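K.L.:
Next come the chains, spelled out residue by residue.
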Amino acid sequence: MLRENALRVKHSILGFSVGAISSYLLLSSPYISDESTLMLLIFNLLFVSLIFPLNGTLTTKTCMLLVGNVIVFFWSNLFSLFAHAATYYFGAIFSALYIILNPLINFVWIVSFWSVSLSVLANSEKRKSEAEP
Amino acid sequence: MIIEFLEAQFLILTALMIVYLVRHYVFTIAVLNNTYKGKKAGVRRKATYEPIVSILIPARNEEQVIGRMLQRMTELTYSKNKMQIIVIDDASMDNTGKIVEEYAKNHGYIKVIHRVPKEWGKVKASALNAGLKYAKGDIIICFDADYYPQVDIIEKLVTEFVDPKVGGVQGRVTVLNEPQNIVTRLVALERVGGYRIDQQARDTLGLIPQLGGTAVAIRRKLLESLDGWDESILAEDTDLTFRVCLAGYKIRYVNDAECYEEAVENWRAYWKQRCRWAKGHMQCAFKHSLKVLNSNNLLLKEKIDGLLLLNVYFMPILVWISWIISVLLFFSGLPQWFNALLTSTPIFFYSFVGNFAPFFEVGIGAYLDGRTRACWLIPLLILTFLYNIVICTKAFTDLLISKIFGKRIITWDKTIHSGSGNSYIMK
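Quick mapping for you: the protein sequence lines, in order, are chains H and A.
For what it's worth, the numbering used here labels the leading residue of the first sequence as 1, then goes sequentially.
For what it's worth, the numbering used here labels the leading residue of the second sequence as 1, then goes sequentially.
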């Protein structure tokens with residue numbers, strides 16, 4: 001039990017470090033908007049503090065975290081390009097719609113990605129426990 | 001001037017949402033820590049305390065499910081000579097009364113009270129109070145007719161009463177007919193968040209676990225001193241929770257005392273049930289908020305949690321108000337802080353619909369329960385979230401109209417149980 005707890009603390013510390021470095025790198029990019037910045041920070045905080053203490057390999061968790069960060073980056077850019085183009089054609093009405101719906105749409109992928117990550121971790125744990133005699 | 005006012009309103013609403021978000025985050029972290037410290041949820045001590053218990057089962061037109069429930073009652077492992085089962089047939093128009101009579105004939109510890117239409121109080125609390133008059137046990141336990149408890153649930157619930165400060169104990173509710181359709185699956189996820197995390201965290205952190213309408217145990221003397229259940233409140237369980245706490249007693253939650261429920265099977269039934277819950281909860285908020293604030297029996301953390309719990313059904317209404325304010329603010333020229341706040345609001349939006357916990361809470365609850373595939377449905381909780389905004393608004397409007405025009409809103413919109421859960425028990 002003590003060894004398992006120590007491992008969890010270790011995973012969490014490493015997770016926070018990876019999350020902090022990844023956030024710093026992405027936030028240094030000139031292509032990331034204000035709303036994406038906040039989304040990225042919230043995603044990383046929730047992911048690291050709630051997923052990293054769970055059972056599972058550090059590699060899986062870190063890969064998931066990094067994939068999530070890459071998605072934030074590309075999603076943010078593609079979506080803001082789409083929004084600019086749509087605002088150009090449809091005017092201020094779309095802008096209003098965008099500002100309201102943008103966070104909700106952003107949230108759809110965050111929740112989906114979170115669910116997939118949890119599912120992957122839970123499945124690997126299940127397989128591991130089934131393989132044990 | 002108007003813009004500044006709107007900005008201030010938006011800030012206040014967002015701050016409120018952040019408070020609820022932090023609350024759920026703390027709950028999730030608390031349960032995770034508790035689990036990994038090796039304290040298995042709900043398992044505390046072996047049962048050594050065996051008081052006489054009276055089990056109340058109110059039933060109105062429950063012919064599809066009452067037989068299943070009573071059969072289960074006969075299978076309970078608790079000493080039958082220390083158990084009294086009282087079924088309150090609340091002026092049923094179907095065969096409920098006959099089925100119960102049949103069981104009462106064969107089992108001496110089952111008693112049935114038939115209420116005639118004139119006595120029918122139209123609220124569950126009225127039936128429970130009728131049953132309470134005949135109860136002889138030290139501990140009163142309530143089950144709804146559509147539920148299906150574990151065989152050793154009584155032992156698990158009553159053990160907590162060894163502590164004289166404990167006034168009420170709540171068990172866990174799990175959905176029986178979960179695989180039936182998408183509604184039952186989503187309700188099951190909500191239950192996971194509400195019980196596995198919310199209730200467990202409240203118990204762990206010494207806050208106020210909420211007494212539900214079923215799988216609930218309470219001291220008879222305490223209940224009698226409180227004059228039973230309040231028949232003017234639709235959420236008689238939430239009302240009782242706060243009356244127990246305000247009287248200086250503690251409430252415990254036992255996660256491994258499981259009881260299986262037949263969840264609502266379609267969106268219409270979901271609407272009716274949640275509308276009733278929302279109205280009842282709002283009534284409790286009006287009734288107890290000030291009392292909680294002024295109570296000498298509650299600690300500061302209990303007061304904060306109590307107020308957040310009482311007012312939780314108002315938050316979905318504040319969500320759409322904040323949406324309208326954000327549109328107005330948008331057309332008035334965006335303040336700099338606006339974008340960032342608006343970006344974070346969906347997470348907060350997910351965080352305050354009563355038992356319907358935010359996505360991360362449900363996810364961790366499902367993970368701790370070992371339910372790998374259930375996690376896939378978490379994104380669909382946005383449907384119930386949006387639906388609950390409409391439900392709570394309707395409930396609040398009804399309540400408001402009844403206050404202004406003095407109309408009676410206490411009509412129990414009863415959930416119809418089809419007995420679909422029976423097939424899952426047979427398996």
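Source of the hints: derived by calculation from the structure; they are not laboratory data.
Fair warning: there could be bad hints in the mix.
In silico DSSO-like links for lysine-lysine, alpha-carbon gap of 27 Å or less [claimed, not checked]: (1) A/K37 / H/K128; (2) A/K301 / A/K272; (3) A/K111 / A/K250; (4) H/K128 / H/K10; (5) A/K105 / A/K118; (6) H/K126 / A/K98; (7) A/K98 / A/K122; (8) A/K250 / A/K82; (9) H/K10 / A/K37.
In this text the structure is predicted, and so the values were computed from the model without any measurement.
K.L.:
For each hint, tell me whether it holds in the structure or not.
P.N.:
Results of checking the hints against the structure:
| no. | hint | in the structure |
| --- | --- | --- |
| 1 | A/K37 / H/K128 | holds (21 Å) |
| 2 | A/K301 / A/K272 | violated (33 Å) |
| 3 | A/K111 / A/K250 | violated (30 Å) |
| 4 | H/K128 / H/K10 | holds (21 Å) |
| 5 | A/K105 / A/K118 | holds (26 Å) |
| 6 | H/K126 / A/K98 | violated (47 Å) |
| 7 | A/K98 / A/K122 | holds (21 Å) |
| 8 | A/K250 / A/K82 | holds (24 Å) |
| 9 | H/K10 / A/K37 | holds (15 Å) |
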